[in-house]
Amino acid sequence: MFERVGKDLVLRFPLGPITVALNPATLGASLGISLLLLALALWLRREIPADPEAPPSRRLALLIALVDFVENQILGGTSEKLRRSLLPLIATLFLFILACNLSSILPIPGMVAPTQDLNVTLGLALLVYSLTHVYGMRTKGVFRHLKGYLEPIPVMLPMNLVGDMGRTLSHGFRLFGNILGGAIMGAVTIPVLTDLLVRFLGPMLATLALPVLGTAASLVLNAFFGVFAGTIQALVFTLLAAAYIQGAAD
Amino acid sequence: MGPELVQGLRYLAAGLCMGLGAVGPAVGEGIIGGKAIESMARQPEMTNILLRNMIIADAIAETTGIYSLLVAIMILFVV
Chain B
14 MFERVGKDLV LRFPLGPITV ALNPATLGAS LGISLLLLAL ALWLRREIPA DPEAPPSRRL
74 ALLIALVDFV ENQILGGTSE KLRRSLLPLI ATLFLFILAC NLSSILPIPG MVAPTQDLNV
134 TLGLALLVYS LTHVYGMRTK GVFRHLKGYL EPIPVMLPMN LVGDMGRTLS HGFRLFGNIL
194 GGAIMGAVTI PVLTDLLVRF LGPMLATLAL PVLGTAASLV LNAFFGVFAG TIQALVFTLL
254 AAAYIQGAAD
Chain Z
4 MGPELVQGLR YLAAGLCMGL GAVGPAVGEG IIGGKAIESM ARQPEMTNIL LRNMIIADAI
64 AETTGIYSLL VAIMILFVV
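Protein sequences appear in the order of chains B and Z. Reading the first sequence from the start, the letters are residues 14 to 263 in the numbering used here. Reading the second sequence from the start, the letters are residues 4 to 82 in the numbering used here.
Worth flagging that the hints you see were computed from the coordinates, not collected in a lab. By construction, the Cβ of each residue, glycine as well, lies at the ideal position given by its N, Cα and C atoms.
Some chain B residues near chain Z, calculated using beta-carbon distances under 10 Å: (1) G90; (2) R187; (3) L253; (4) A256.
Please work from the sequences and hints to get the whole structure.
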């Protein structure tokens with residue numbers, strides 16, 4: 014059942030004709046984050062007053078600011094008609110990816126950010142890719158949507174198909190690569206720092222200097238790769254998702 | 004070739020791949036950021052739109068850097 018693939022423990026089981034492989038760490042972390050976001054949503058939902066004219070409470074103001082941010086910043090480039098129907102999807106994607114990226118700074122043993130797993134990011138990218146077709150067919154009709162692949166001339170069909178594939182792959186790989194790169198930097202820095210200190214200061218001074226410098230290095234690394242890059246990448250993923258869907262619906 | 008030499012060449016290849024692969028995106032993102040700030044200074048009321056387009060352009064310029072990171076990881080751990 015359980016097998017080791019590299020450093021990960023993978024659960025493998027046959028399901029009909031195919032063998033399914035699951036990574037329990039990723040699965041558990043993403044399910045936990047989903048439940049946390051669900052709880053947050055239910056908690057914020059209770060704050061919506063029955064009377065729309067009532068002054069907003071603090072939590073309602075947070076909710077309004079969040080929806081306003083997604084509507085005007087991330088979906089600012091989409092058409093008015095599409096914006097309303099995309100808002101729930103894009104807000105959910107943004108919050109899920111943001112929470113996944115930020116979970117990498119939590120000091121829980123065995124905790125990895127789910128977006129550090131290619132299966133998660135590529136799955137999200139494929140979800141966005143299938144939605145571009147749904148929105149394209151819904152706004153333009155099946156025939157005109159498929160005809161878009163023959164433009165500007167029918168010979169361009171293979172180019173358009175390869176372009177679609179490369180776009181979707183790079184959409185998933187970008188998030189995965191950024192988060193994995195940050196995680197590798199975090200994992201590599203402390204051993205390298207220890208080695209350098211021992212080599213240049215000697216073992217005596219190194220034991221004194223390492224706690225201070227190691228803490229400072231972890232703080233800087235987590236702040237930059239965890240919080241800053243994680244937020245930017247969540248923003249980038251959702252901005253591109255909105256741009257792709259808007260491009261298909263035009 | 005001995006296994007140590009192969010391992011050493013593998014580290015060298017991963018380092019070269021990542022180092023050279025980072026040059027292109029760095030230059031590209033620098034140009035994008037510089038031009039975007041230039042435009043923001045000229046037309047501050049356009050900042051929101053410019054910032055959004057800058058982030059999208061940065062993300063696309065970064066793609067080749069991410070590919071070289073993946074290749075470097077594959078050289079180190081997979082091949």
